[in-house]
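**Q** So you can see what is in the structure, the chains are spelled out below.
There are 2 protein chains.
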Amino acid sequence: MAVSREGETESSHLAQTVEETTRPTFAESQKNTFDQFSQTLQTQRRNWVLNVPEPPGLFSKLKTIFSPLENKLHCIGKQPLPALISILKTIFPPLSWCKQYNVTKFKSDILAGLTLASLCIPQSIGYATLAKLDPQYGLYTSVIPPLIYSIMGSSRDIAIGPVAVVSLLLSSMIQKFEDPAVNPAAYTKLVLTVTFFAGTFQAAFGLLRLGFLVDFLSHAAIVGFMAGAACVIGLQQLKSLLGLSKFTNNTDIISVLTSISKSMHTWNPFSFMIGSSFFIFILFTKYYLARKHKKLFLLSAMAPLLSVILSTLIVFLTRADKHGVKIVKHITGGLNPTSIHDLQFNSPHTAEAAKIGLIVALIALTEAIAVGRSFATMKGYRLDGNKEMLAMGVMNITGSLTSCYVATGSFSRTAVNFSAGCETAVSNIVMAVTVLISLEFFTRLLYFTPIAILASVILAALPGLINLSEAKYIWKVDKMDFLTCTAAFFGVVFVSVEIGLLLAVGISFAKVILNSIQPGTEKLGRLPGSDLFGDVNQYPMAMKIPGILIVRVKSALLCFANADFIRAKILDLALEEQNEDAIESAEDRVQLVILDMSNLLNIDTTSIASLEELHSELESNGMKLALANPRWHVIHKLRLAKFVKKIEGRVFLTIGEAIEACFTSKNMHASSLTVV
Amino acid sequence: MAVSREGETESSHLAQTVEETTRPTFAESQKNTFDQFSQTLQTQRRNWVLNVPEPPGLFSKLKTIFSPLENKLHCIGKQPLPALISILKTIFPPLSWCKQYNVTKFKSDILAGLTLASLCIPQSIGYATLAKLDPQYGLYTSVIPPLIYSIMGSSRDIAIGPVAVVSLLLSSMIQKFEDPAVNPAAYTKLVLTVTFFAGTFQAAFGLLRLGFLVDFLSHAAIVGFMAGAACVIGLQQLKSLLGLSKFTNNTDIISVLTSISKSMHTWNPFSFMIGSSFFIFILFTKYYLARKHKKLFLLSAMAPLLSVILSTLIVFLTRADKHGVKIVKHITGGLNPTSIHDLQFNSPHTAEAAKIGLIVALIALTEAIAVGRSFATMKGYRLDGNKEMLAMGVMNITGSLTSCYVATGSFSRTAVNFSAGCETAVSNIVMAVTVLISLEFFTRLLYFTPIAILASVILAALPGLINLSEAKYIWKVDKMDFLTCTAAFFGVVFVSVEIGLLLAVGISFAKVILNSIQPGTEKLGRLPGSDLFGDVNQYPMAMKIPGILIVRVKSALLCFANADFIRAKILDLALEEQNEDAIESAEDRVQLVILDMSNLLNIDTTSIASLEELHSELESNGMKLALANPRWHVIHKLRLAKFVKKIEGRVFLTIGEAIEACFTSKNMHASSLTVV
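First to last, the protein sequences are chains A and B.
Counting from 1, position 627 in the first sequence corresponds to residue 627 in full-length UniProt numbering; the numbering is continuous, with no gaps.
Counting from 1, position 340 in the second sequence corresponds to residue 340 in full-length UniProt numbering; the numbering is continuous, with no gaps.
Only chain A is shown next, with the shape it has when bound in the complex:
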């Protein structure tokens, strides 16, 4: 191969030098030359290993995270105008597609936006009641945030507005500090303050490029958490569906079921009938009609709105509200009022509001980025997580100033938006304007809307949050991930939303720790017909080399937590092999232990002490320790700790070279013996 030539020229030069100095018989000189050559090559390669440049420190690692920002700032200094345009395009992604926008695309967006609005209006009202806010807050949240997002966000499919999980999170966490039943105004103010904090955190994450924070909820944890949240939300809806008046504030399944069984005598059969019949209608259109006949997709998207209109008419005509069917009653219409003065930064709950804001910010971002990315991949464009976070942050900060609570990308509505054929974020604008018009003119028409129908709208959206096939897949591929998933699920269902989250994150990180410090070792053998070495269990055809034990640490870190265990294990392995070999033949006794360090990313001072102990223990048992393929930080630290000197420089680039070096010294030893 082309790349190996450099080494060859060097070696031929060396061969000449050797020939000039010695001049033995031709055959001898050839052999000598070859030996010398291979030895020089080996020395050269060992120099590569030993004389590495100093690895980058902690500071330069941090720097790489911010380098894109730095480059941009650097560009402004050089070429102000093009750099400014590029920055504007970064902040306002629509600038990059607005030139290609045309009437056809606009038509598609209008259709998608109207479809979205028809689903969004009943859902927004429902989610507002789930968040224990007045219904208009849900509608407000479907106006301002989508407008901001559509000029700052880069996703073309996502549908912005209130979502079920965030609404549940808000009500379950905030009602501990302000009871919405006792003091609804203070509760609303606290929700708005939390929204402001959530937006600030999101924007800060985006600016500081902390996008990776969203990744701390693993895929498995999200699947479990979402399913658990869906169950909890479903249970909460039973109150409205059954028309109960008393209900627990807890969200866990046991409290809810006890509460229901206690107040079951107050249930209202009319509420239940209206709610459940329309629930079946929505499910039927969504899961039967829309799947059978693609053309009926619009009907299924409109079904919630249709249900609201029909049920409102029914209640209005029959005056069922006089028979105990709870209705929405007055919804404050008109534009979003300002809420700057509702934000509370001096209340006793401000610290709590910030904490809740952080949790809500992360959950909202996780949902939005998950949904945004899956549709972006489908259409073949890229989403920048940090940019999305900034857009979400600005939209929620603005929202908190205009009476909106936390908005994010909704799973169910984004799917509807996509299916309705949206082209750009303009569909969000169409939706926002439609909701705004409804707020202005049609809120009075919702006076007789039964609360039960809102419950059935929410219930119908829940199956989309439960992903059984994904859970099955997780079980099949990764049992530990499945544990995270079930822990999140049961934590949410049986204890509380926060505990579920905490369990999921805790187990995920415990898994990382266990995986990285697992004190395993594996014996390596040579793969037949190659110079490769593999785990003898993974590759049963790998062959042992007599007199040599090759071990690899089954961990990326040799550190305080596993170094001593691994030291003891390698020593045991070596002594065991020595005993076994001693029975077979004395010559093949293990004399060399090669530690393959190729997958050790880092070591610490504790582990260097363990290696030193291993070295002296092996020496006292007549074995030598050699290292193969240490990585950058590892060899750097070993050199600083003078460990390389202690093992007389037995550090090699490959296992093969370590073996060769050992054979050479053994043969030399043998020949010196015969000569004597």
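One should not assume that every hint holds.
Each pair may be met inside one copy or between any two copies, as identical chains are not told apart.
Unchecked claim - Straight-line distance between alpha carbons at most 25 Å, and here's what the computed SDA-like set of lysine to any residue pairs gives: (1) K262 to T434; (2) K569 to G622; (3) K569 to H633; (4) K379 to V644; (5) K355 to I499.
Keep in mind that the hints were calculated from the coordinates and are not lab data.
We have chain A; now place chain B onto it with these hints.
**A** Okay, now just chain B, sitting in the frame of chain A:
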């Protein structure tokens, strides 16, 4: 090499088959044969990678920890007598050396034991006052635990008894629940209960083979913690040395200094004079005389006892106690009384006692195993951590029943034992008997011993706990470890002992997490003259291969916390390379991205989703993704997730093979073009 023959015979057989079927010209057939051969070899190797056996699950991993125990139980069934003897030898290590024991060794042990006792008596009394117990409890603790350890422990050098750090830990944590000044009896009972729990935990760790728990305190953390504890202990001694009467219960430097400055007017100059002059005397013998003249070692070991005797005489003769010099007064003499009825398992503090017991158990074990192992390595024998834990546990349980508080191996006294020439654990027995005799007959003589002299004995032992050269070494080798070290130190000195410990453990594990999920990638290049690939930064001589990007993940786990970041980074790298290459020549555009998975120990479902996303993103940019050298669990999960199918089986054993496969398909593509 010998091992490659198998592959060769197979290939010649194959070559024959090929020749029979086609029969072209000789040169052609040779080339074809070779191509076919190398292809078959490649297929075979890829089968090795893809058709691995199922990796062991979680359960079998746990099983390996207990396998030694299982083997032993299995042996009993087969050969009862030899197995029983081996078990007895395991439990009572002296059985294995008692046959070789002789008079010479016994003489050495007696000398060492007497030296040890002379140091141990003043230290024990001092540490008991540090633990806020009556002085006799320190002496009791130097009798029973050393006796038990000498028949169960396997270290021959360790000196067992009360130690400074554990005494400090006990008093600082227990006095929160019972004030020793207000209710000394209840306080003592709580200390004994904590001792019982500590012993139980230690024995349980030993039996359950949880020896690795001790490793959770990294070397760096211990260095910092010990130095911090030494400072705190030194500060505490200022009370006795200055003869102050009022003193804070807090251990942090700020509280202690404030407290001293407040009550400085009550200081007693006589106390200070006696204490400090003997402190200087002890230090002088220890650090000057003993180092200059090896023969004076005995004097330095005896210096504390001499100081006690001299100062007691001085106080007795001058009746300095009437001038405010605090004296020990009455010490209860006689044998250890039983304390079974002092253990409290129904008190309101039992849960706290268990918690403190756990912390103390771990700290005591850490100190004992560290000191025991360092001397074992020096003399060339091995210590089994689990066995040591069992011995320590039994000794502390027995201790708690006989009025002893937590005992462990002492740094300073072990060094003295070693220097005095101890041969076996018999020196501990000699020491225990000597202490017992003193308890029986000489406690009355200590009536006039000034408290200040105990403080100076403790103070003189502290420099041994501060290891500056080790701290320097840690700074040089590992900056992050140094952070752990300083955090432990400042935590202990400025806040409290527990906070220091917590900080050290917390930072250590945070470091593990950061190291294992760091979202780094590195570009690989071919090392000149070899088929090896290395990080282009670590090996600046490594060369890029045109048209191919080779990346390795700088982490052992591709998991929820870093998968997405890494996916984005690899994509960016690939697009960047493509753009660069496009300027140079269109032919050399990156078409293949090889992901070297050799150091990925595990993946999870989140990361598989990220890999799928990466694959489709690369495809849409005209690049293909190939994997090289995936490990056992990784390839197993990728197969289960059907990812191997998605990338059309482009999984190879080595990077070289992946490149070759790509070149072959490229050439074939080129030739088919020319033919058309």
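**Q** Each hint: holds or not?
**A** Status of each hint after checking the structure:
{"no.": "1", "hint": "K262 to T434", "in the structure": "neither (42 Å within a copy, 74 Å between copies)"}
{"no.": "2", "hint": "K569 to G622", "in the structure": "within (17 Å within a copy, 47 Å between copies)"}
{"no.": "3", "hint": "K569 to H633", "in the structure": "both (24 Å within a copy, 21 Å between copies)"}
{"no.": "4", "hint": "K379 to V644", "in the structure": "between (54 Å within a copy, 23 Å between copies)"}
{"no.": "5", "hint": "K355 to I499", "in the structure": "both (15 Å within a copy, 24 Å between copies)"}
In terms of the numbered hints stated before, the structure departs from hint 1 and from no other.
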